[in-house]
Structures are given as C-alpha cells and as structure tokens.
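Please put together the full structure from these sequences, using the hints given.
In case you want the letters, here they are:
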Amino acid sequence: MSDTAPNSFKNQPDERGHFGDFGGRYVAETLMPLILDLEREYRAAQADPAFAAQFDDLLEHYVGRPSPLYFAERLTEALGGAQVWFKRDELNHTGAHKINNCIGQILLAMRMGKTRIIAETGAGQHGVATATVCARFGLPCVIYMGAEDVKRQSPNVFRMKLLGAEVVPVTSGGATLKDAMNEGLRDWVANVHDTFYIIGTAAGPHPYPEMVRNFQSVIGTEARAQMLKRAGRLPDLLVACIGGGSNALGLFHPFLDDADVKMLGVEAAGHGLDGDEHAASLLGGAPGVLHGNKTYLLQDEDGQITDGHSISAGLDYPGIGPEHAWLKESGRVEYTAVTDDEALEGFQLLCRTEGIIPALEPSHAIAAVADRAKQMGEDEIILMNLCGRGDKDIFTVAEKLGVEI
Amino acid sequence: MTRLSNAFSKPHAAFVAFITAGDGDTAANLDALVAGGADVIELGMPFTDPMADGPAIQAANLRSLGAGTTTADVMQIAADFRARHPDVPLILMGYANPMIRRGPEWFADAASKAGVDGVICVDIPPEEDQALGPALRAKGIAPIRLATPTTDAARLPQVLEGSGGFLYYVSVAGITGKQQAATAAIEEAVGKLKAATDLPVAVGFGVRTPEQAAAIAAHADGVVVGSALVDLCGEFGKDAPAKLQELTTAMVSAIKQAPKASGT
Numbered sequence: 266m267s268d269t270a271p272n273s274f275k276n277q278p279d280e281r282g283h284f285g286d287f288g289g290r291y292v293a294e295t296l297m298p299l300i301l302d303l304e305r306e307y308r309a310a311q312a313d314p315a316f317a318a319q320f321d322d323l324l325e326h327y328v329g330r331p332s333p334l335y336f337a338e339r340l341t342e343a344l345g346g347a348q349v350w351f352k353r354d355e356l357n358h359t360g361a362h363k364i365n366n367c368i369g370q371i372l373l374a375m376r377m378g379k380t381r382i383i384a385e386t387g388a389g390q391h392g393v394a395t396a397t398v399c400a401r402f403g404l405p406c407v408i409y410m411g412a413e414d415v416k417r418q419s420p421n422v423f424r425m426k427l428l429g430a431e432v433v434p435v436t437s438g439g440a441t442l443k444d445a446m447n448e449g450l451r452d453w454v455a456n457v458h459d460t461f462y463i464i465g466t467a468a469g470p471h472p473y474p475e476m477v478r479n480f481q482s483v484i485g486t487e488a489r490a491q492m493l494k495r496a497g498r499l500p501d502l503l504v505a506c507i508g509g510g511s512n513a514l515g516l517f518h519p520f521l522d523d524a525d526v527k528m529l530g531v532e533a534a535g536h537g538l539d540g541d542e543h544a545a546s547l548l549g550g551a552p553g554v555l556h557g558n559k560t561y562l563l564q565d566e567d568g569q570i571t572d573g574h575s576i577s578a579g580l581d582y583p584g585i586g587p588e589h590a591w592l593k594e595s596g597r598v599e600y601t602a603v604t605d606d607e608a609l610e611g612f613q614l615l616c617r618t619e620g621i622i623p624a625l626e627p628s629h630a631i632a633a634v635a636d637r638a639k640q641m642g643e644d645e646i647i648l649m650n651l652c653g654r655g656d657k658d659i660f661t662v663a664e665k666l667g668v669e670i
Numbered sequence: 122m123t124r125l126s127n128a129f130s131k132p133h134a135a136f137v138a139f140i141t142a143g144d145g146d147t148a149a150n151l152d153a154l155v156a157g158g159a160d161v162i163e164l165g166m167p168f169t170d171p172m173a174d175g176p177a178i179q180a181a182n183l184r185s186l187g188a189g190t191t192t193a194d195v196m197q198i199a200a201d202f203r204a205r206h207p208d209v210p211l212i213l214m215g216y217a218n219p220m221i222r223r224g225p226e227w228f229a230d231a232a233s234k235a236g237v238d239g240v241i242c243v244d245i246p247p248e249e250d251q252a253l254g255p256a257l258r259a260k261g262i263a264p265i266r267l268a269t270p271t272t273d274a275a276r277l278p279q280v281l282e283g284s285g286g287f288l289y290y291v292s293v294a295g296i297t298g299k300q301q302a303a304t305a306a307i308e309e310a311v312g313k314l315k316a317a318t319d320l321p322v323a324v325g326f327g328v329r330t331p332e333q334a335a336a337i338a339a340h341a342d343g344v345v346v347g348s349a350l351v352d353l354c355g356e357f358g359k360d361a362p363a364k365l366q367e368l369t370t371a372m373v374s375a376i377k378q379a380p381k382a383s384g385t
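Chains as they are written, first to last, in my numbering: chain P, 266 to 670; chain V, 122 to 385.
No lab work stands behind these hints, which were simulated from the structure alone.
Misleading hints may appear alongside valid ones.
[What the hints assert, rightly or not] Simulated crosslink set (DMTMM-like; lysine to aspartate or glutamate; CA at most 25 Å straight-line):
(1) K299(V) x D459(P)
(2) K299(V) x E304(P)
(3) K377(V) x E367(V)
(4) K426(P) x D459(P)
(5) K379(P) x E431(P)
(6) K275(P) x E367(V)
[Unchecked claim] If the Cβ cut is set under 8 Å, some of the chain P residues that face chain V in the computed set are:
(7) P298
(8) P331
(9) L334
(10) V454
All C-beta atoms in this analysis are idealised placements derived from N, C-alpha and C, irrespective of residue type, glycine included.
Below you can see the structure in the form of structure tokens.
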C-alpha cells in the first residue's frame, strides 16, 4: 500500500503505457512501429464521435446491451447477510463479456484498413466472440488455440468453425493459452501489413490493456447508473473473477474514484495456493515481463514461466493485466483466491437458488461473494459481475461431480 | 578496441554464430564454432516462451530447459568459454524475463563476471530501455539493438540511442529460421543503416547456406546464422560438434571470398 493515495485511480496508464511500474511495451522491434501506429489510430478513434456511435449502436442492437442489473433475492436469503446483485453480462450475445471488447477492436481494425483478424483463445470464449464479429463484418479470421485446449473444448472449436474461423491447434510449449498467445504474436510479426491482433483481455503491450479496459468499462458505467436508479446509492462491495482481468476492470474502473466502494478481485486457486497447481498470478506469482507487458506472473526462480491450473480454462493464464498489478500495489483493490472445489460449490449454489447456470469463471466470484455476504449487514450491497453463462462448462462440472451425461 | 570491435575490423565480414545454451554439450559445440572460424559467439538463453523464434530455436529452448538448464548454468558456460577463448567475443541473446528476474543489476554483474561482451534482449525495445540498458552500460556490456524492415527513418535514431557493439538487422518481418529477404532489399536497408550509425551492421534471420552468407557479406559487416546451426544440434546431439565445425568452416570460407563491405 502506498503512503499517499493518488488524486485519481482512473488516470492510468501514463503516456508510455505504464501503470505505475507495470504495463509498458515489451515487444520485439518488428512490432514496435505497429504498436505505436495502433495507439495513434486508437486515440483518433476515441476522439471521433462516429466511432463511439457505431460502437454503442452495435452493443445495443447486436450484443443486447444494456445488460440487466438483477437483485438475487433467494441467494441473498440463503446467504443471510448483504444483498447480492448481479450485473448480467452472461446474457450478452455469445454468452459472456468478451464480445464487448471484440466489437470495439474489430471496428478499430476496419478503421485501420486491416483485412485479416487473428486471436488467441484458451477456453474458446474469446475465440468464439472474435469469430462472431469477423462473421458479422466479413473478415477472415484465424484463431490460435493450444492443442490441449482444442481437445478439452471441442464444442467451442465447432462453434468457431461454424462461424467461419480457421482454428489452428498450437503444439509448441505446453500447448495451452500462453503458447497460443506466443503463436498469435509470431503470426502478427510476420503479417504486420494486413493483420490486426484482437487480444482477448486487458493485457499485452500498450495500448491493449487500456483499450480493452475502456471497451469493457461499459459494464461498470451501466451498472453504476442502474444501481443509483434502483437502490438510490452505490454498492458497498464490487466482486469479479480474474483471469487476465478484463471483466473485473470493466466493472471496477468506473467506480475507482468512489472511495466508499470496496472492490474484490477473485483469482483461481486451483488445488490450493500452497502447491503449484493454481492460476493466482497476483497472490502466488511475482513481477516479470511476458507477452508485451510487465505484470505479475507465475514463474520459477529463473524467470521461466510455469503453467497455471484451474478448473476453469478461462482463468488458467499465467499472467494478469498490468492494471490489476498496479491496483494491488496501490491498495485500491483487494485480491483473494478461490479453489476449484469452492468454485464448484458456488456454481451449484447459483443454479439452485436463482435458476442461473453460471460459467466456472464467475463461479469463483460467487464463492467469494458467499463468504463475504455472511460477514456483512443486511443493509449492505454487493454487486458482482456475472460475466459468463455456464452451458460450455456442463461437461467439466458433470465429470467433477462424477455424473455421466 | 574491444573484443567486439576487433571482430568487426577483420578484412572480411564477421561470422556471428548462434546456438542455445544447454542444448547438448554446449562447451564442445562452442569450441567447434570457434575452430570453424566464427568471429562472434551468440549464446541463446533458454526461455519457456520464445515468441520471436521459429520452430528450430523453439525446439532448442525446450531441449535445453528439459535438460534442466538454469541461469547459473548459462553464466557458467559463458565463464568457461571466456577462460578457454580469451579473445573471442561472446554475447548473450534472450528474452527479458530471465534477464531481469533477480534485477537488472544482478544480471549485468553476473554477465560481466562471466566475460560477456554484449546482450541482445529481444523484447526490450528502446522505449523500455530502463528495464536493463542502464545496468548493462554501467558494467561496460554492449546493449545490442535490433532494427527491422518496419523500423523507419524517423524511428531509427531512437533505436541507435544507447545501443552498442553492433546493430543487428533483422532482414525479414517475421520469426527466426523462416525465408530470407531478397539480397537487393538487404543491400538497400543496410545502406540506410550504415549512413545513420558508425556501429557495424550485422544481418540475420533466414540465413541458412554459405551462398546466402556470402551474398550478405558483400554488403554488411556481419552475418548471423542461428537456426541452421541449432538444427544440427537437434539432429546430431553428441555428434553435433563435427557438423557445426563443418558448416561454420563453409560459411566462413564463403564470407571470406565475398568482397568486404565498405564504410565500416
């Protein structure tokens, strides 16, 4: 925790893309001119009302925004403490928050005259969202996906193919998300003239962390206005799960300067933080440089990157967005971690109390909410981002519960 | 004169040979490169996520890490090389995270004690120089920068600022080991770079044959070969030294027959 709080928590990053000591542009020279060009084009788009109008129109009529703000009455009763409210981003087209960012980035790609889209995906949610916007705008699309993930997530692989994307299984390294990102960067460095890389979370070289956060901030901006209208006040605690951290930043960022609103980010503790099988970069990692930015990473004493583990394929990236690293060190946001088993309990709790099947990613946040709500008064409000629906996870859950389907 | 500047002051272009540390019997492999006539040794530090490298060097990284290579091992390999070859320049090439894990000062100090002459860090562009550059310069180690086909005239001065040793021109926008750029394009690019700096300019990425090396040597101050040598390490394992020496000898012979580039 720093000795003096900054005047605002919302004016990061600096002009070089640094969030305090984190973030930056740690890329090979071949990509550097392109990154600078991307930043110029993004600034121009930000200043262009027509860009914002097109983004807002697509979010309303294609994605289905604003997403509802929902008071989870039976869950609140079951927990016996603070009121629990959900921002329902699982009701978006494609079933998660990922689409918000993909709409923004593909509009920017077209503005820059790029004619080919690439992306990486872990569980396949960002791949599906990217394939969706590419189909919508008629651009060819290549999705890099770890060969292990291709096997584990075959329904999403089929969805991407239905949408016209080419899915390339990546066999290098451990054949998971970080290796898919390496392969995406290798493609980009060789095709910089016509290709736009749609990064799926608030990480990577500047301006990606800032840009993705801004596109996702629609979540928190809507939620803040909805909460003021429905409850007449701001929530006491915001909760969101964190893999790379884009859904959490999307919810948190518009509230950062509301000093009375506490925030809790929930990492994946996998089999427990005391062992090696987790994906909690902030709580169980150390600062380092990977994939274009300085941030907390899962790594050994020599700086070799170690594989993350989580029941949720969307959380097992060994890094985290650099703004979260800064928010942790500044003390503005509290971070905790939830195990596979606790997330599985959260998943079932929400199914039974609210008739909502959540994705395993926000099931981590539900477990944290269940813990905190009991410690808070009935007049207090928790707002959680329900960032994805669970249809994709029913096979994983059935296996963990020992059920054959 | 430093070991590096001496290497670029010979009557022929310098042959810069790259292999990955810990991939096979590295000491024997390095000795073979020197015996074959390599002017500069570029020793790769293995990393789990070598995102600027093609399949050949990716595989070498995995072989090395699979064999348990640590940063301490890399420094020991360098120190032992320096003891055996007091006059042959040695540079470390790798990625930021293993280099800054214990702090840039720790790394610069360890490299200095091991007799390292220069460092190429793929993913620290001039914009992030503070992450490693000041620590290297304080120890007299040359931070060697990369220029690429996408580095335009407006950006080049920033790339050159604070760099040392030589300028490494990446001849193709892409990853290591892939196709080579046309000789005419390389000649034009090297000409522009040499007009902007007094540093020697070495050209790499995609150079696999003595013929290609000779064509580049006619225009550049150095030729970098990596993937072709690394492939030999992977294919021949313990028997790699003889193969490495053979290819290096052929490369150096072809380079010596090429007319020396002017203006160094």
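Consistency of the hints with the structure:
1. K299(V) x D459(P): Distance ~19 Å between K299(V) and D459(P) Cα, so the pair holds.
2. K299(V) x E304(P): violated (29 Å)
3. K377(V) x E367(V): Holds - the C-alpha atoms of E367(V) and K377(V) are around 15 Å apart, at most 25 Å.
4. K426(P) x D459(P): It holds: about 22 Å lies between the C-alpha atoms, which stays within 25 Å.
5. K379(P) x E431(P): Between K379(P) and E431(P) the Cα gap is close to 18 Å, so the pair holds against 25 Å.
6. K275(P) x E367(V): Since the Cα atoms of K275(P) and E367(V) sit roughly 60 Å apart, the hinted pair is violated (cutoff 25 Å).
7. P298: holds (5 Å)
8. P331: Hint on P331(P): violated, closest Cβ of chain V at ~38 Å, above 8 Å.
9. L334: violated (40 Å)
10. V454: holds (6 Å)
Consistency with the previously given hints fails for numbers 2, 6, 8, 9, ordered from lowest to highest.
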